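Colleague: Protein chains in written order, with my numbering: chain A, 22 to 138; chain B, 41 to 637.
These are computed hints drawn from the structure, not numbers from a lab.
Honestly, I wouldn't trust all of these hints.
As the list claims (entries may be wrong) - 16 angstroms max Cα-Cα, derived EDC-like pairs, lysine to aspartate or glutamate:
1. B/Lys296 <-> B/Asp313
2. A/Lys49 <-> A/Glu124
3. A/Lys113 <-> A/Asp81
4. B/Lys578 <-> B/Glu617
5. B/Lys520 <-> B/Glu565
6. B/Lys94 <-> B/Glu45
7. B/Lys109 <-> B/Glu136
8. B/Lys132 <-> B/Asp151
9. A/Lys65 <-> B/Asp168
10. B/Lys109 <-> B/Glu63
11. A/Lys39 <-> B/Glu63
12. B/Lys272 <-> B/Glu303
13. A/Lys106 <-> B/Glu45
14. B/Lys290 <-> B/Asp313
15. A/Lys30 <-> B/Asp313
16. B/Lys186 <-> A/Glu121
17. A/Lys43 <-> B/Asp190
18. A/Lys118 <-> A/Asp73
19. B/Lys388 <-> B/Glu457
20. A/Lys43 <-> B/Asp168
21. A/Lys31 <-> B/Asp173
22. A/Lys39 <-> B/Asp168
23. A/Lys65 <-> B/Asp482
24. B/Lys74 <-> B/Glu113
25. A/Lys30 <-> B/Asp173
26. A/Lys39 <-> B/Asp137
27. B/Lys571 <-> B/Asp477
These numbers were taken from a predicted model, which means no experiment stands behind them.
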Amino acid sequence: MATPLDIVKKKRAQAVSKIISKGYLSTKRVYVGMATCEIAAGSKEVMAVFKDAMAKGLTDVYLSQKGCAGRCNLEPTVEIVEEGKIPVKYGKVDEKKAREIIERHIKNGEIIEEWLI
Amino acid sequence: MPTNEYVITLCDGPSCLHRVSREVRDAVEESLEKHGKSDSVRIHLSGCLGMCSKGPIMIVNPGYTIYGKITPEDAVNIVEQHIVNGQPVADKVVNEDHLYNRFFRIFGDNDFFGKQMRITLRNCGIIDPENIDDYLSLRGYEALAKVLTDMSPQDVIDEVKKAGVRGRGGGGFPTGMKWDFTAREQSDQKYVICNADEGDPGAFMDRSAIEGDPHTVLEGMIIGGYAIGASKGIVYIRAEYPLAIKRLEKAIADAKEHGFLGENILGSDFSYDLEIRLGAGAFVCGEETALIHSIEGSRGMPRPRPPYPSQSGLFGKPTLINNVETWANVPVIILDTGEWFSSIGTEKSKGTKVFALAGNVNNTGLVEVPMGTTLREIVYDIGGGLPEGKKFKAIQTGGPSGGCLPAEYLDTPIDYEHLAKAGSIMGSGGMIVMDEDSCMVDVAKFFLQFTQDESCGKCTPCREGTKRMLEILTRITEGKGQEGDIEKLERLGNMARKASLCGLGQSAPNPVLSTIKNFRVEYEEHINESKCRAGSCKSMLSFVITDACVGCGACRRVCPVDAITGGRKEKHVIDQETCIKCGQCFEVCKFQAVEKA
Ligand SMILES: Cc1cc2nc3c(=O)[nH]c(=O)nc-3n(C[C@H](O)[C@H](O)[C@H](O)COP(=O)(O)O)c2cc1C
Ligand code: SF4
Ligand code: SF4
Ligand code: SF4
Ligand code: FES
Ligand code: FES
Numbered sequence: 022m023a024t025p026l027d028i029v030k031k032k033r034a035q036a037v038s039k040i041i042s043k044g045y046l047s048t049k050r051v052y053v054g055m056a057t058c059e060i061a062a063g064s065k066e067v068m069a070v071f072k073d074a075m076a077k078g079l080t081d082v083y084l085s086q087k088g089c090a091g092r093c094n095l096e097p098t099v100e101i102v103e104e105g106k107i108p109v110k111y112g113k114v115d116e117k118k119a120r121e122i123i124e125r126h127i128k129n130g131e132i133i134e135e136w137l138i
Numbered sequence: 041m042p043t044n045e046y047v048i049t050l051c052d053g054p055s056c057l058h059r060v061s062r063e064v065r066d067a068v069e070e071s072l073e074k075h076g077k078s079d080s081v082r083i084h085l086s087g088c089l090g091m092c093s094k095g096p097i098m099i100v101n102p103g104y105t106i107y108g109k110i111t112p113e114d115a116v117n118i119v120e121q122h123i124v125n126g127q128p129v130a131d132k133v134v135n136e137d138h139l140y141n142r143f144f145r146i147f148g149d150n151d152f153f154g155k156q157m158r159i160t161l162r163n164c165g166i167i168d169p170e171n172i173d174d175y176l177s178l179r180g181y182e183a184l185a186k187v188l189t190d191m192s193p194q195d196v197i198d199e200v201k202k203a204g205v206r207g208r209g210g211g212g213f214p215t216g217m218k219w220d221f222t223a224r225e226q227s228d229q230k231y232v233i234c235n236a237d238e239g240d241p242g243a244f245m246d247r248s249a250i251e252g253d254p255h256t257v258l259e260g261m262i263i264g265g266y267a268i269g270a271s272k273g274i275v276y277i278r279a280e281y282p283l284a285i286k287r288l289e290k291a292i293a294d295a296k297e298h299g300f301l302g303e304n305i306l307g308s309d310f311s312y313d314l315e316i317r318l319g320a321g322a323f324v325c326g327e328e329t330a331l332i333h334s335i336e337g338s339r340g341m342p343r344p345r346p347p348y349p350s351q352s353g354l355f356g357k358p359t360l361i362n363n364v365e366t367w368a369n370v371p372v373i374i375l376d377t378g379e380w381f382s383s384i385g386t387e388k389s390k391g392t393k394v395f396a397l398a399g400n401v402n403n404t405g406l407v408e409v410p411m412g413t414t415l416r417e418i419v420y421d422i423g424g425g426l427p428e429g430k431k432f433k434a435i436q437t438g439g440p441s442g443g444c445l446p447a448e449y450l451d452t453p454i455d456y457e458h459l460a461k462a463g464s465i466m467g468s469g470g471m472i473v474m475d476e477d478s479c480m481v482d483v484a485k486f487f488l489q490f491t492q493d494e495s496c497g498k499c500t501p502c503r504e505g506t507k508r509m510l511e512i513l514t515r516i517t518e519g520k521g522q523e524g525d526i527e528k529l530e531r532l533g534n535m536a537r538k539a540s541l542c543g544l545g546q547s548a549p550n551p552v553l554s555t556i557k558n559f560r561v562e563y564e565e566h567i568n569e570s571k572c573r574a575g576s577c578k579s580m581l582s583f584v585i586t587d588a589c590v591g592c593g594a595c596r597r598v599c600p601v602d603a604i605t606g607g608r609k610e611k612h613v614i615d616q617e618t619c620i621k622c623g624q625c626f627e628v629c630k631f632q633a634v635e636k637a
């Protein structure tokens, strides 16, 4: 009989493949901070910008939300993780900045130094 | 500006430092210089990385290659082979994969995060808290499965004891012992409670932990239930935390669906269920006996202990109650072992502690550091120092039950004992940095006002004592302090400390007594000279216009009570009798001609 450990390991494998099927292996992973305070600071709007861009055809992006990473004075925060590169974290992102991040960073690979945390 | 092609992290923690990491650092720097890489590689010093036995430790990112037992020669080698030629040095690589490490992979490249160590918050800010797959993918519920597969309840308790973890809710009681006591009780029914009341003003550790990673807390609670033989767990959380509640509800539903809760969990013969109870948000309801009363449906008032909840808790049954953070440590202790956990921290305080860093510091936010990190490291390395070049005055730890420590105590390592010795407490983790503009009498008054409001009123020393103390403090801040007030505060404070029934009353005088101890002159100045050196007690303040005035009239126009007179291009004058000290003239004057005196 399968032990609890076997069951959980199987569940993990399934979870991983589900995450991958949602595009986790895309070239860029984008995480938007969605804790209470981040939402109060406007992160829902920022999230909407990314969702909208993806609906309108932005590809090679995996979008996800996350909880508090601790930079409470710099929220909303957006983080972009790319395999083999140092993760990039942007602070005080609003809708306008989010659109620029999409154009400059995601589409053109430019890191926008002045907004970095 | 370094382009950050690579980030090299060197451990600057206590054990590694003792293993000559300074020389390693020099070697790395020289070697980078030699190969012309100084501009594209950032070197970063971190706090303990939890791999002390393999220290000194060096991490190369991206790729997250951990090197251990590094000598200066190894360091040069790594720079040449890995950084310059892109070939990791295989035989120096440490293949330890602790649960918290992935946090470091993503965040450990700046001062704010580098000095931190995230065990409790290991997934917080990394995973999508509303997606159980994210949690499962990072070994979620594996600790529970391990426990159910090959550990007896006693094994689990022993592991928690070995870890040396102590309650993070404030008291610091050894968690393993509490589990053991509850496990030993004989009863047809036992309960597990997660205390997520979090009433301290300014604290948001528990809320953020739940919002960022709710499953970790649930997993801890299920394991606790198995260890003590309970079949029911309750999360007591305040209703003011709607997002945390929503994520908990989702997490519970998802855990049920996956068979982590309910009958015969993962095919074992252990059955356990969890539910959420909402608190109305009174500070005293965080006290365990009051919390239990509140769940039972009566008024949240403390009762004398013993009997402790471990003997007679919810509905008179043995009850294991722990704080959110305490629960979040449990899965790590099971998977990374108690022995590993106990290698982090100080002799009597193991692991890490989460703080809500606030006040006059550049980086405010949620931080988690190994026990033993000094207050100075938190304020200056992680917090980035005080803004506007202001001078550090004090740090308040432990919320309304804590104390204020002046600069002499900045090198105090944070753990239960050292903080207590310094005259403050760990508490649940509020930490407020104050600069020279904070008036310590006013700070004491602020916290006492809070506890006085929140006192349940059951016992006289707390109800009346805090009220009298508050009256005296109010008098002092209004410039009406009297000879003997300080002694009266001390007397009343000590009385409330000794004679109150619960921790609220017992600790309420702490902010007052600690400020008297450390900043007595300020009290004396207020009383004897009507002087508030921080310039924050309004009644002692007067605004005066100096010769720098050019007579622009801006202040005259803004003054709500017409206290300012003067013609165009003439020096203006404030009538002190009429002035209500609103400070608007001070704000508006572009010539710095209005001074606080
Ligand atoms: C006035 C008062 C308020 C408290 N508030 C909290 C709280 O908000 N959260 C908490 O976990 N513990 C709080 N405690 C401590 C609890 O009584 C209890 O010790 C704790 O929940 C036990 O968990 P631990 O051993 O994991 O720390 C409070 C205690 C007192 C006296
Ligand atoms: S010490 Fe204060 S809060 Fe605690 S039981 Fe007494 S009156 Fe109530
Ligand atoms: S605003 Fe300043 S300069 Fe202008 S009248 Fe008032 S004190 Fe003088
Ligand atoms: S402090 Fe306020 S009330 Fe007093 S003079 Fe200035 S503006 Fe008028
Ligand atoms: S609580 Fe908001 S980012 Fe920390
Ligand atoms: S002090 Fe370096 S790993 Fe612990």
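Colleague: Check the hint pairing lysine 74 of chain B with glutamate 113 of chain B against an upper bound of 16 angstroms on the C-alpha distance.
Modeller: Satisfied, since the Cα-Cα distance of roughly 14 angstroms is no more than 16 angstroms.
Colleague: Quickly compare the C-alpha distance for lysine 39 of chain A and glutamate 63 of chain B to 16 angstroms and report which way the hint goes.
Modeller: Since the Cα atoms of lysine 39 of chain A and glutamate 63 of chain B sit roughly 47 angstroms apart, the hinted pair is violated (cutoff 16 angstroms).
Colleague: Taking only the CA atoms, is the gap from lysine 296 of chain B to aspartate 313 of chain B under or equal to 16 angstroms?
Modeller: Given pair lysine 296 of chain B, aspartate 313 of chain B holds - Cα atoms ~9 angstroms apart, limit 16 angstroms.
Colleague: Is lysine 132 of chain B within 16 angstroms of aspartate 151 of chain B, Cα to Cα?
Modeller: violated (25 angstroms)
Colleague: Is lysine 520 of chain B close enough to glutamate 565 of chain B, meaning Cα to Cα at most 16 angstroms?
Modeller: Between lysine 520 of chain B and glutamate 565 of chain B the Cα gap is close to 12 angstroms, so the pair holds against 16 angstroms.
Colleague: Is it true that the CA of lysine 272 of chain B sits at most 16 angstroms from the CA of glutamate 303 of chain B?
Modeller: holds (11 angstroms)
Colleague: Could you grab the alpha-carbon distance between lysine 290 of chain B and aspartate 313 of chain B and see if it respects the 16 angstroms cut-off?
Modeller: holds (14 angstroms)
Colleague: Assess, step by step, whether the Cα of lysine 186 of chain B is no farther than 16 angstroms from the Cα of glutamate 121 of chain A, and give holds or violated.
Modeller: Answer violated: lysine 186 of chain B to glutamate 121 of chain A is near 46 angstroms, above 16 angstroms.
Colleague: Mind checking the alpha carbons of lysine 571 of chain B and aspartate 477 of chain B for me, to see if they're no more than 16 angstroms apart?
Modeller: The hint holds at about 13 angstroms.
Colleague: Taking 16 angstroms as the top limit, are the C-alpha atoms of lysine 65 of chain A and aspartate 482 of chain B close enough?
Modeller: Measuring from Cα to Cα gives roughly 38 angstroms; hence the hint is violated.
Colleague: Is lysine 109 of chain B close enough to glutamate 63 of chain B, meaning Cα to Cα at most 16 angstroms?
Modeller: holds (13 angstroms)
Colleague: Quick one, are lysine 388 of chain B and glutamate 457 of chain B close enough, alpha carbons at most 16 angstroms?
Modeller: Within the cut-off at roughly 8 angstroms; holds.
Hints 3, 6, 8, 11, 15, 16, 17, 23, 26 from the earlier list are contradicted by this structure; the remaining hints agree with it.
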